[in-house]
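**Student:** First to last, the sequence lines map onto chains W and E.
Start counting the first sequence at 1; every next residue gets the next number (the numbering used here).
Start counting the second sequence at 1; every next residue gets the next number (the numbering used here).
Simulated from the structure, these hints should not be mistaken for lab results.
Note that this is a predicted model, so its numbers are computed, not measured.
Glycine included, C-beta positions come from ideal geometry on N, C-alpha and C.
Check each hint, because a few of them may be wrong.
What the hints assert, rightly or not - Not everything, but these chain W residues come out facing chain E in the computed CB check (under 10 Å): (1) Q76; (2) S143; (3) M150; (4) R156; (5) L157; (6) L163; (7) R164; (8) L173; (9) E174; (10) V179; (11) A183; (12) V185; (13) F187; (14) K191.
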Amino acid sequence: MAKLQRGESECELEKGVRVSVVMSDSSEDEGPEEVAFEESRSAALKSEEEKLQAAKREKELLKEKRRKRQQFFQEQKKKRLLSDTLLEEFDTVPQKQKKLSDDRDEEKDKKQQKLTKSKKKKASRSLQGNCSVMRLKDESADSSMQQSAMDFIQARLYGSGTLRTTNAELLSLEKKRGVKKGAAVQFVNKKWGAEQKAKAEKSNKRFIHRQKLVTT
Amino acid sequence: MGEFKVHRVRFFDYMPSAIRALAFQPQREKIAVARTSGSVEIFNCADRFFQEKIIPGREQAATEALAWVGDRLFSAGLNGVISEYDLENQKVKYTIDAFGGPMWTIASNQQGTHLAVGCEDGTVKLFEVCEGKIQFEKNLAKQKGRILSLSWHPSGSRIVAGMMDMIRVFNTETGQSVHRLLVERGIGASRSVECVVWGVVYLSDGTIISGDSSGKVKIWDDLTGTLIKSHQVTKWDVLALSVSQDETSVVAGTSEGTVVQFQFLSVVLGQEDKEWVQTRIFKNHTHDVRAVLELGTAVVSGGMDTQFVVRPLLDKIEERGPECVLRKIQFPHRSLVSCAKKAGLLLFQYPGHLELWRLGESDGHGASGSVLPVKRKPEKLLHLKIKGEEHICCSAVSPCGEWIAYSTVASFRLYRLHCDNNNVSITKVSKLPKVLSSANQICFSSDSSKLFAASTCSSVHVVSLSQTVHKFVCTLKPKSGSVQAVHLLAASEDGKWLASANSDREVQIYNLTKMKLHSTVPVYNSGVTAMAIHPTTNNLFMVHADQQVFEYSIEEKKYTDWSRQVQRNGLHYLWLARDTPVTNVTFNPKNPTHIILHDAYMFCIIDQTLPLPDSCSQFYNQLTLRSLPEKDRTKHSHAFKMCKTFKELMFVELMEDQSLVAVERPLVEIAAQLPAPVRQKKFAT
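Work out the full structure, taking the sequences as your base and the hints as a guide.
**Tutor:** Structure, rendered in structure tokens:
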């Protein structure tokens with residue numbers, strides 16, 4: 001019985017034994033049946049072959065998938081690249097603009113080079129007929145890095161894990177613990193807490209409407 | 001004395017920007033302050049922390065750190081450029097792109113030869129400081145993380161860099177990392193977030209002190225690369241560190257507004273072995289403290305609550321004097337409001353725009369201290385946005401209210417205002433003389449016929465204004481050839497004299513009929529904070545940063561007798577103990593012996609006919625005088641009439657109709673617009 005609990009990966013001999021054990025469950029008094037060695041051997045060999053074939057089939061399937069994907073990507077790439085005729089046209093466009101953009105590429109880092117190249121492709125796709133080279137804003141890459149740096153600091157100091165409160169609460173606590181006790185700033189100064197008051201008004205209106213307290 | 005109707009103006013929404021970095025220059029005792037708006041201010045420690053220079057910022061500025069190299073000031077920011085400032089002309093000299101992405105920190109070595117910059121991409125770049133420029137020398141080994149703080153070893157051979165979750169020690173010659181010190185993360189929820197090392201300090205004996213976002217100040221040894229001691233200072237981040245010149249005291253600024261001091265002391269009295277011990281905590285801020293400086297005799301801190309706080313360390317000060325006072329500098333030491341006296345208009349200078357308001361009117365009469373009913377409310381006539389990214393440097397409105405001029409570091413603009421009863425129209429004056437490219441200070445003559453613009457090298461350009469053509473008249477130059485900028489201009493009522501004060505402590509007086517220099521006031525060792533020329537007697541009245549008061553007769557070219565008497569007598573100690581400077585001086589045409597001046601917390605009328613107060617008489621005696629009967633008042637009154645009714649004053653002026661204008665900016669309104677503070681649980685709340 002313990003052998004039944006073992007996993008699938010077992011040698012064929014044990015499998016053969018298991019088969020015989022299952023058969024004997026029906027009549028436990030009788031002794032185990034005799035199974036010819038040849039039969040069990042052939043059964044085991046068959047199962048082996050089947051396994052190999054299944055593995056082969058799987059490999060074939062994967063190969064097929066990969067081939068199809070590769071084809072699909074190649075087609076996509078072809079679509080993105082310009083047709084040969086357009087490329088010939090570009091060769092005749094004045095060389096100056098090309099030189100300018102090359103110089104700028106040399107000055108900047110490689111990362112920015114890649115960015116500008118990919119952007120150039122996008123920009124040039126819209127060019128049909130009248131060619132006009134658009135000047136890339138050099139700050140575009142820098143400003144995004146600056147923005148991400150500012151987001152980093154904002155997240156670290158005022159982000160989700162930090163325990164922050166409002167200025168209204170700070171000032172109200174100071175008034176509460178001060179020498180001259182006073183009420184919280186929302187009640188003293190009309191300008192504070194204007195949004196909360198507006199929210200409270202709205203929810204009051206909604207409540208009254210729902211409860212149908214005001215008979216129309 | 002006088003009854004005045006007071007226009008209490010609270011619609012100037014002045015909002016200062018947070019302090020991001022501080023840097024100290026020990027040779028001249030100046031502190032440079034960088035704000036988040038990109039502006040840089042220079043404070044003079046020796047002169048009562050007077051704000052000598054203001055370099056205006058720009059839009060989208062993100063200055064992160066400042067460093068002095070000798071007399072030169074450099075800054076690094078998130079826009080990836082290193083800027084050098086031209087302190088004489090109060091603008092940016094040049095910027096250089098470091099090509100490392102946003103820069104978080106900049107540090108100069110003690111020898112003054114190199115600058116190190118920490119970048120977002122993980123490189124520490126070394127620049128060589130040459131004459132007139134800086135040159136890129138090399139990159140230290142590139143790391144996988146941003147470099148947030150840097151500190152040079154005093155010998156210049158090593159640099160320590162604080163990064164995310166670790167601290168690296170570099171050898172500057174080889175550029176390789178010598179040690180990697182791992183900083184452990186916080187406990188509980190903060191275990192999943194990286195620990196940011198916000199500040200590092202390298203001491204000459206090889207000790208490294210670091211402050212990180214888990215609230216710990218850690219002390220490391222750089223020989224073995226191990227942690228010596230760790231102090232949990234706060235539950236929030238430790239944002240800034242600074243070490244004193246003699247390396248015995250380190251201060252750390254935290255997110256909850258406290259500044260914690262560590263001192264290198266022996267724990268047991270008499271024993272020789274010393275260690276770093278947490279000694280004092282100063283709680284002078286309500287919001288995050290982002291920059292601290294340990295000056296030896298004082299601890300200077302600044303942060304998100306925009307206040308510049310100087311806390312003197314009384315055990316290091318020998319004499320009792322003005323350095324022993326806790327100072328909180330909230331308002332700038334220059335006037336941001338200008339007033340058209342004849343037209344009843346106020347011009348407010350904001351960083352990116354100008355606002356012109358007409359004052360309201362009230363007919364009623366009332367007892368002293370009562371609120372009068374308003375017949376017509378004050379109204380905003382003009383909202384003038386400037387083009388370009390630079391912030392406004394200075395602005396002025398002419399006394400008749402017809403001309404408005406402002407200047408940024410790159411441009412100068414003059415506008416003509418037409419104001420009928422309900423229609424306000426403004427036209428820009430397009431053809432200005434070419435000399436007017438930018439100005440440090442602008443002033444109009446009292447009859448609005450001339451415009452004075454202070455420019456480079458303490459020179460003043462005079463331009464005559466008319467309906468059609470504005471001609472350049474001449475340039476007035478001082479004899480001394482000073483290169484510093486002028487920060488104050490005062491024109492006389494009769495249009496004959498012009499006084500200018502510059503950062504070299506010189507006050508020049510020019511004769512406008514002959515268009516040349518008339519005289520120079522004897523140099524006094526404190527800067528001038530406010531000055532004005534009397535309308536009838538043509539005496540120049542000056543107030544200095546150390547609260548001294550002088551009156552100089554222009555026609556006679558010497559100090560007046562009243563001024564000499566004040567100097568002989570000495571000013572009252574309570575007057576000298578005031579901690580904010582006087583920013584405006586004005587006169588009363590109906591009472592020629594009265595001088596009206598104000599600072600942030602009081603306004604005062606000085607009566608030159610009354611006797612001066614001596615040290616034993618009561619100084620703030622207005623209330624007692626009011627309680628006395630009429631006959632006895634003259635016996636007890638003295639020259640200084642102080643009024644403390646108005647607080648947080650930005651501007652006080654006397655209009656033509658004998659009404660006072662007091663522009664107040666309550667600190668509560670400023671506090672309402674600050675970013676969020678940390679939540680602290682206090683007992684019984």
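**Student:** Hint by hint, note whether the structure agrees.
**Tutor:** Hint check:
1. A least Cβ separation of about 32 Å between Q76/W and chain E goes past the 10 Å threshold, and the interface hint is therefore violated.
2. Interface restraint check for S143/W: the shortest CB-CB distance to chain E comes to about 8 Å, inside 10 Å, so the restraint holds.
3. Annotation: interface hint on M150/W holds; nearest CB of chain E at approximately 6 Å, less than 10 Å.
4. About 6 Å separates the beta-carbon of R156/W from the nearest beta-carbon of chain E, less than 10 Å, and the hint is met.
5. With a cut of 10 Å, the hint placing L157/W at the interface with chain E holds, because the nearest CB-to-CB distance is about 7 Å.
6. Evaluation of the L163/W hint against chain E yields a held restraint, the C-beta minimum of about 5 Å falling below 10 Å.
7. A distance limit of 10 Å between C-beta atoms decides the matter here; for R164/W the minimum to chain E is near 4 Å, and the interface restraint holds.
8. The restraint placing L173/W at the interface with chain E holds, with a minimum CB-CB distance near 5 Å, inside the 10 Å limit.
9. Hint status for E174/W: holds, given a least beta-carbon distance of 8 Å to chain E, under 10 Å.
10. Checking V179/W against chain E: minimum C-beta separation of about 15 Å lies over 10 Å; hint violated.
11. Below 10 Å, beta-carbon pairs count as interface contacts, and A183/W has none with chain E, the closest being about 14 Å; its hint is therefore violated.
12. Evaluation of the V185/W hint against chain E yields a held restraint, the C-beta minimum of about 8 Å falling below 10 Å.
13. Hint status for F187/W: violated, given a least beta-carbon distance of 14 Å to chain E, over 10 Å.
14. A least Cβ separation of about 8 Å between K191/W and chain E falls short of the 10 Å threshold, and the interface hint therefore holds.
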